[in-house]
Amino acid sequence: MIALSSVFRLVFVCVLASLLVACGGGSDPASSEPLPITVIPPPDVSISANAASKFLTQTSYGPTLTDINKLSELGYEVWLNEQFTLPVSSHYDYLQGLPEITWAEHVKTWLAMSVTSEDQLRQRIAFALSEIWVVSHHGVDFPSKEVAAGALTSYYDLLLHNAFGNYRNLMEELTLNPVMGEYLSMKGNQKADLAKNILPDENYAREMMQLFTIGLHELNMDGSQKLDTQDLPIPTYTQDTIEEMARVFTGWHFANALSLANGTNDVPDFITRMAVIEDFHDRGEKTVLGGVIIPAQQSAEEDMQTILDIVFNHPNVAPFVSKQLIQKLVTSNPSSAYIERVANVFANNGAGVRGDMQSVVAAILLDDEALTRTTSSDKVFGKLKEPIVRMVGIWRTFNASALSGRYSLTWFTEFMGQSPLGAHHVFNFFSPSFTPQGSFQENGWVAPEFEIHTEANMTKMINFYQRMTFSQNNIYKTNPDTDEILLNLTYEATLVSNVDALLDHYNLLLFAGEMSNELRTITQNYISTLINDKEPGRAYEALGILVAAPEFLVQD
Amino acid sequence: MKNFNRRDFLKLGTASIVGSGLLNFPRMTYAQEALGDYKALVCVFMHGGNDGFNLIVPTDNDSYAEYAQSRQNLAVAQNSLLPINPLTTDGRAFGLHPSAAPLQSLFADGNMAIMGNVGHLKQPTTRDMILNKTATLPTELFSHNNQQDQWKTVNLDNNLLSGWGGRIANTYADKQAEPLLTGISMNSRSPWLRHPENLDLAISADGFDEYWYVSKGVGYENKRRTAYLETIYKNYNNAFRKQIADTQKRTLELVESVGGILKATPQLTTVFPEDNGYGLASQLKTVANMIAARDALGMSRQIFFVEMGGFDTHDDQNRDQPLLFSTLSQSLKAFYDALVEVGASSEVTTFTASEFGRTLSSNGDGTDHAWGNHQLVIGDAVRGGDIYGAMPSLAIGGVDDYKSRGRIIPTSSVEQYVQSMLSWYGLTPSQIQTVLPNHAAFDLSKINLMI
Chain V
49 MIALSSVFRL
59 VFVCVLASLL
69 VACGGGSDPA
79 SSEPLPITVI
89 PPPDVSISAN
99 AASKFLTQTS
109 YGPTLTDINK
119 LSELGYEVWL
129 NEQFTLPVSS
139 HYDYLQGLPE
149 ITWAEHVKTW
159 LAMSVTSEDQ
169 LRQRIAFALS
179 EIWVVSHHGV
189 DFPSKEVAAG
199 ALTSYYDLLL
209 HNAFGNYRNL
219 MEELTLNPVM
229 GEYLSMKGNQ
239 KADLAKNILP
249 DENYAREMMQ
259 LFTIGLHELN
269 MDGSQKLDTQ
279 DLPIPTYTQD
289 TIEEMARVFT
299 GWHFANALSL
309 ANGTNDVPDF
319 ITRMAVIEDF
329 HDRGEKTVLG
339 GVIIPAQQSA
349 EEDMQTILDI
359 VFNHPNVAPF
369 VSKQLIQKLV
379 TSNPSSAYIE
389 RVANVFANNG
399 AGVRGDMQSV
409 VAAILLDDEA
419 LTRTTSSDKV
429 FGKLKEPIVR
439 MVGIWRTFNA
449 SALSGRYSLT
459 WFTEFMGQSP
469 LGAHHVFNFF
479 SPSFTPQGSF
489 QENGWVAPEF
499 EIHTEANMTK
509 MINFYQRMTF
519 SQNNIYKTNP
529 DTDEILLNLT
539 YEATLVSNVD
549 ALLDHYNLLL
559 FAGEMSNELR
569 TITQNYISTL
579 INDKEPGRAY
589 EALGILVAAP
599 EFLVQD
Chain R
604 MKNFNRRDFL
614 KLGTASIVGS
624 GLLNFPRMTY
634 AQEALGDYKA
644 LVCVFMHGGN
654 DGFNLIVPTD
664 NDSYAEYAQS
674 RQNLAVAQNS
684 LLPINPLTTD
694 GRAFGLHPSA
704 APLQSLFADG
714 NMAIMGNVGH
724 LKQPTTRDMI
734 LNKTATLPTE
744 LFSHNNQQDQ
754 WKTVNLDNNL
764 LSGWGGRIAN
774 TYADKQAEPL
784 LTGISMNSRS
794 PWLRHPENLD
804 LAISADGFDE
814 YWYVSKGVGY
824 ENKRRTAYLE
834 TIYKNYNNAF
844 RKQIADTQKR
854 TLELVESVGG
864 ILKATPQLTT
874 VFPEDNGYGL
884 ASQLKTVANM
894 IAARDALGMS
904 RQIFFVEMGG
914 FDTHDDQNRD
924 QPLLFSTLSQ
934 SLKAFYDALV
944 EVGASSEVTT
954 FTASEFGRTL
964 SSNGDGTDHA
974 WGNHQLVIGD
984 AVRGGDIYGA
994 MPSLAIGGVD
1004 DYKSRGRIIP
1014 TSSVEQYVQS
1024 MLSWYGLTPS
1034 QIQTVLPNHA
1044 AFDLSKINLM
1054 I
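Protein chains in written order, with our numbering: chain V, 49 to 604; chain R, 604 to 1054.
Since the hints were made in silico from the structure, they are not lab data.
Certain hints may be false.
As the list claims (entries may be wrong) - Over 12 Å on every C-beta distance to chain V, these chain R residues come out as not near it, computed from the model:
hint, residue
1, L638
2, M732
3, G822
4, N838
5, G912
6, A947
7, S949
8, G967
Unchecked claim - No more than 16 Å apart at the CA atoms, straight line, and that leaves these computed lysine to aspartate or glutamate pairs for EDC-like:
hint, chain 1, residue 1, chain 2, residue 2
9, R, K845, V, D604
10, R, K1006, V, E291
11, V, K274, V, E388
12, V, K239, V, E349
13, V, K244, R, E669
14, R, K1006, V, E490
15, R, K845, V, E490
16, R, K837, V, E566
17, R, K736, V, E388
18, R, K845, V, E566
19, V, K525, V, E583
Predicted model, so just to flag it, every value in this text is computed and none were measured.
By construction, the Cβ of each residue, glycine as well, lies at the ideal position given by its N, Cα and C atoms.
Could you build the full structure based on these sequences and the hints that come with them?
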């Protein structure tokens, strides 16, 4: 039971039930459903296995032979359309099927779904969104591991469900999600009480604009900053804007706040959309983003819908979101033209709909720059893979599983510099503008993922990837513990007496056919000189060298 | 090697540290230029924006009443504050948060100074200038990451090409046995340590891990190691591959050279407190270990960056602040004690920083992003037991309030806060001007908190 308090944030006085305005059935702002992409397959859609493998590196956690074959036959568009229509592999539903909830179960759930689910593209987009709309288990005090697991998988499900939906709907569902409410303290935000020197909390107003939607400076559609007459960037908002918008985001609390307050329930509802206690909402007139005036006497729900519409329609949202998604999936330094092409689709999917994520995702992946992997001459194409995307990719590609059927592992989070819904602050694991020293700084290129490839993490990552491959596979480990996640290298073991065939196989799966001759020679020499040619261990010895090689750590 | 310039160093550093033998080969050359003594600066950055106004609180009745009126239910009880007796006084009395007892003893023993109300400024700034819109203000005030970056870089145009720690390191990197060990973060990459001509390191509170599968071994293991080395020493044209290969090479070299030296250094007997999930004590312990090994490593000047998060107390401030302050205080005290143990307490100066302070007004149970903030400076070379700078009025809408939320305008700048530490460290006035490009905007001689 949370102590009663006259302060709304700490839970409230027992407000009359009539003050509670139900809002669960709020209007549906994204009423225009995204149009399904009409696909007219060209006469010959088949693509090479290598091209398919490369595409799957961008669109799944890791290529498998099955996926490569399927994509090769279907072609990009049909395969994408299938991904768009596959049912959501819900993390919350998976959780419900578990016999018991253990510590950090949302992480184990994320592993299971990321490695095995069919809706790989949706899972990748959700993960990318989780690094923009950041919440974290560091920073939310859940009353129990069960509540934490339910809350965090539910939050992730919102990302999954909206991955191909409309960004306006995503904004609303995440803004009113209680985990977000707790993380960025909009939950319990109350109107001013000057006698107590209480003023509305600015946290959500600030971070939602700065990080989730529009950013700090006005942007052109190609992602570049607009400049004023003195060539200075133009701020999108001022401190006054933040203070006014903080007033908009007042009055919301846990859906079961009243029962928490009156003692009939002592577990906050971390899943259901937050509810309004109208008495704590600031009903005054507010001058918000873009100087728009929200009239007085609007309800908390009306204010919410108004402000979400205003922010969603800010011109920055299209380039701001488009560029970050390109960076997470395809390339760290997209050309201006690429950003603009995608941002234009965000602004209008061709049927007059703004924020249609399905069209945006297709525009990102089917752009010439993504498919040809060539960019403007002032940029460098490619990106450093994210540590846990790499890790899950190895497991997926080599069909890793444990006897228990679970993916019950959490200590990797200490080795990777990142974990699902585990950032240490709302700025994510790394900044989209991080620039490493050396040629990147000299050329003005960014390489966000390098921010967490510190000297400390480098050793840990290499140790972990090599443990996965050298020790945790079904050849080396013949009597594993029930929860040990082992690569299945049964097929690879059949190739060991033919090193060329083995390396061709790895080349397709790990390098999309582009393994350098030197790396091939290094690996070949190593396994040829070391172990007799019938030794199945050659399969994992080769793999352990390949997954630690710079060529694999990068996606280009 | 006299004409070896740092530009070359960077090229070497990113191309092949091991291949050039830079970590080993130049050691003797540089030893000739050795500075003859050891000094280190340790920056303890409190991410999220520490609430310094609840760490150091006025205790005389009038000033406390002003504080309590502003802070309301977030005020620390007057009778719980730990008294301190500064050498000089502006007429007001101050005390520390009850969870900061270790700081009380550091202050009483003359080993800690308090820097009052410091923050990032473009120029000396008053409330009138802000109200009249005549002040040149830092951009993106009250935004976490921007204010962190600005604090760490203090560059006139907000560029992130170098931080002021990186500029200090750059002054010394080519005079040391191990240039790479000049600027080290104990956790994340920090813009504070950055410089275009030097690499900065980000290691962990664990120090240097060993490789599990590619360490030097026997027979078969060595062949595996050879294969791994061949993949990372291969030439790469692609910028991403080259950058990650360089990081892999640098890491392996460090692990195997420095890691071994650290392992051979005797264990500290000073007991560090629990991390409580914040990591500060572990990071400081590893810094103390590295300082203990300063002679073995051949270092004469180092700067370290350690960090603690959790200070963004929008919620539950009264619940969370005691643990934040006790963790901070106990860790700082243990670090000082460890430096005494290894005979480096007069060679190392530790100072705190944070992107901003917090509003004096509340949002019910927490506070919001603000500006000026109190900081701590610890070490035997510090003129301790005193408060430096001007302590502000804590009145809402008072002379030091940005507007009317109790966002206190800094009365000293970052430049003024740190200049005497830089001077102690050995930088000349012109080098200090390079490290602090906006020096001309402030009277740097105003604060001298070093002996």
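Each hint tested on the structure:
1. L638: Check passes; 25 Å lies beyond 12 Å.
2. M732: Given a closest Cβ separation of 16 Å, the condition holds.
3. G822: violated, 9 Å
4. N838: Per Cβ check, N838/R is inside 12 Å of chain V; nearest 9 Å; violated.
5. G912: Violated, because the least Cβ-Cβ distance between G912/R and chain V comes to about 6 Å, which does not exceed 12 Å.
6. A947: holds, 23 Å
7. S949: Its Cβ never comes within 12 Å of chain V, the nearest being 30 Å, so this holds.
8. G967: violated, 4 Å
9. K845/R with D604/V: The given pair, whose Cα atoms are some 12 Å apart, holds under the 16 Å limit.
10. K1006/R with E291/V: Judged against 16 Å, a Cα distance of about 12 Å means the pair holds.
11. K274/V with E388/V: OK: K274/V and E388/V at ~14 Å, within 16 Å.
12. K239/V with E349/V: Status holds; Cα separation ~15 Å.
13. K244/V with E669/R: Between K244/V and E669/R the Cα gap is close to 14 Å, so the pair holds against 16 Å.
14. K1006/R with E490/V: violated, 41 Å
15. K845/R with E490/V: Holds: K845/R and E490/V sit about 14 Å apart, inside 16 Å.
16. K837/R with E566/V: holds, 8 Å
17. K736/R with E388/V: Given that 16 Å is the threshold and the Cα spacing comes to 37 Å, the pair is violated.
18. K845/R with E566/V: holds, 15 Å
19. K525/V with E583/V: holds, 14 Å
Taken one by one, the earlier hints fail for this structure at numbers 3, 4, 5, 8, 14, 17, listed in ascending order.
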